[in-house]
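Undergrad: Put together the whole structure using the sequences plus the hints.
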Amino acid sequence: MPGSDFGWNTDPTADVGLNPCEPPKCELPKSEPPKGASPASASAPPGLEEQATTGEAAGKRQPGTSRDRNLVTPVLDAPPLVDLRQYNARGFVRGRPGWVVMLWWLVQAIAFPLTLHSHHAPRRALLRLFGAKVGRGVVIRPTARFTYPWKVKIDDYSWVGDDVVFYSLAPIRVGTHCVISQKTYLCTGSHDVTDPEFGLMTGAIAIGNGAWVAADCFIAPGVNIGANAVIGARSTVFDSMPAQTVCWGSPCQVRGDRQILPKPELH
20 MPGSDFGWNT
30 DPTADVGLNP
40 CEPPKCELPK
50 SEPPKGASPA
60 SASAPPGLEE
70 QATTGEAAGK
80 RQPGTSRDRN
90 LVTPVLDAPP
100 LVDLRQYNAR
110 GFVRGRPGWV
120 VMLWWLVQAI
130 AFPLTLHSHH
140 APRRALLRLF
150 GAKVGRGVVI
160 RPTARFTYPW
170 KVKIDDYSWV
180 GDDVVFYSLA
190 PIRVGTHCVI
200 SQKTYLCTGS
210 HDVTDPEFGL
220 MTGAIAIGNG
230 AWVAADCFIA
240 PGVNIGANAV
250 IGARSTVFDS
260 MPAQTVCWGS
270 PCQVRGDRQI
280 LPKPELH
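Residue 172 in my numbering sits at position 153 of the sequence shown, with consecutive numbering throughout.
Read the hints as simulated data drawn from the structure, not as lab findings. Some clues are possibly wrong.
Listed next, with one range per pair, are the computed distances between beta-carbon atoms [stated by the list, open to error]:
# : residue 1 : residue 2 : range
1 : 141       : 222       : 29 to 37 Å
2 : 175       : 252       : 23 to 31 Å
3 : 281       : 109       : 52 to 60 Å
4 : 124       : 252       : 46 to 54 Å
5 : 155       : 282       : 34 to 42 Å
6 : 282       : 210       : 46 to 54 Å
7 : 281       : 216       : 54 to 62 Å
8 : 105       : 175       : 30 to 38 Å
9 : 150       : 261       : 29 to 37 Å
With a straight-line cut-off of 20 Å between C-alpha atoms, the simulated DMTMM-like cross-links for lysine to aspartate or glutamate are [stated by the list, open to error]:
#  : residue 1 : residue 2
10 : 202       : 235
11 : 152       : 174
12 : 152       : 175
13 : 202       : 216
14 : 172       : 182
Backbone N, C-alpha and C fix where the C-beta goes; we use that ideal spot for every residue, glycine too.
TA: Structure, rendered in structure tokens:
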């Protein structure tokens, strides 16, 4: 096989070292550094000499860069601004006695997982038994969770996906033909960060008719999602979103209008 195919010298008399399969070594001619140049700048590629010599030593990062900010060590041992021993949920009303709350959590933990995945009627019945208002044809997956079902209203033909959480310290209303996709968290509770007792704050959530909240979204207290709006997956929604819009992001923002295209006629 001709050695020129690979650019190797295959002459058996050539000096190829101990390994006959190793190509011969070649050395590039050494260039002398210009007069007055430092060894570091002599070997630096063109355009990098100024960067290498900036600062007290070559290679030192300049203060204020993003990498420097990430390396700042935060203070961990400062005194806390809150005293959680003083916390109490002043003014919060669960809506049912404590034993009813505990009974519901027990029923939800045991009965929901025992129901068949595609049989939604038993789960609708259990929610209604504990005060939820659930419409006709509502789809509720077995792993969906409701903190206080008597504060929840889900209108006809809406879907609630797996691992959706209704953290219903305040009312949550879902309209008709809505989709609340997997792992979405509807959170009606928060805390006052200016209160040394870390006081509880609540706000109702409403999802308009025909809206779709895609997978793994967080809906904050007091948020309203307009009718027929779409919230993209993994969005964090702190403000209300207008009707018939497509929104996503963290924080969530309006990205455009939602348009429904007519279905083509089948011939």
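Undergrad: Hints first: check each against the structure and report whether it holds.
TA: Taking the hints in turn, this is what the structure says about them:
1. At about 31 Å, the CB distance of residue 141 to residue 222 agrees with the hint of 29 to 37 Å.
2. As the Cβ distance of residue 175 to residue 252 is approximately 25 Å, the hint placing it in 23 to 31 Å holds.
3. Between residue 281 and residue 109 the beta carbon distance is about 54 Å. The supplied range of 52 to 60 Å therefore holds.
4. A hinted range of 46 to 54 Å is violated for the C-beta pair residue 124 and residue 252, which are about 29 Å apart.
5. Distance hint check: the CB atoms of residue 155 and residue 282 are about 24 Å apart, inconsistent with the given range 34 to 42 Å.
6. A C-beta distance of roughly 47 Å is found between residue 282 and residue 210, which places it inside the suggested range of 46 to 54 Å.
7. Between residue 281 and residue 216, the C-beta spacing of about 57 Å keeps the proposed range 54 to 62 Å intact.
8. Checking the proposed 30 to 38 Å range against residue 105 and residue 175 shows it is violated: the Cβ atoms sit about 45 Å from each other.
9. Range check, residue 150 to residue 261: Cβ separation about 31 Å, and the 29 to 37 Å hint holds.
10. The hinted pair formed by residue 202 and residue 235 meets the criterion: a straight-line CA distance of about 5 Å does not exceed 20 Å.
11. Distance hint between residue 152 and residue 174 is fulfilled; the C-alpha atoms sit about 8 Å from each other, no more than 20 Å.
12. As the CA atoms of residue 152 and residue 175 are separated by approximately 10 Å, the hinted pair is consistent with the 20 Å bound.
13. Between residue 202 and residue 216 the alpha-carbon distance is near 31 Å, which puts this suggested pair outside the 20 Å criterion.
14. With a C-alpha separation of about 18 Å, the suggested pairing of residue 172 with residue 182 holds against the 20 Å cut-off.
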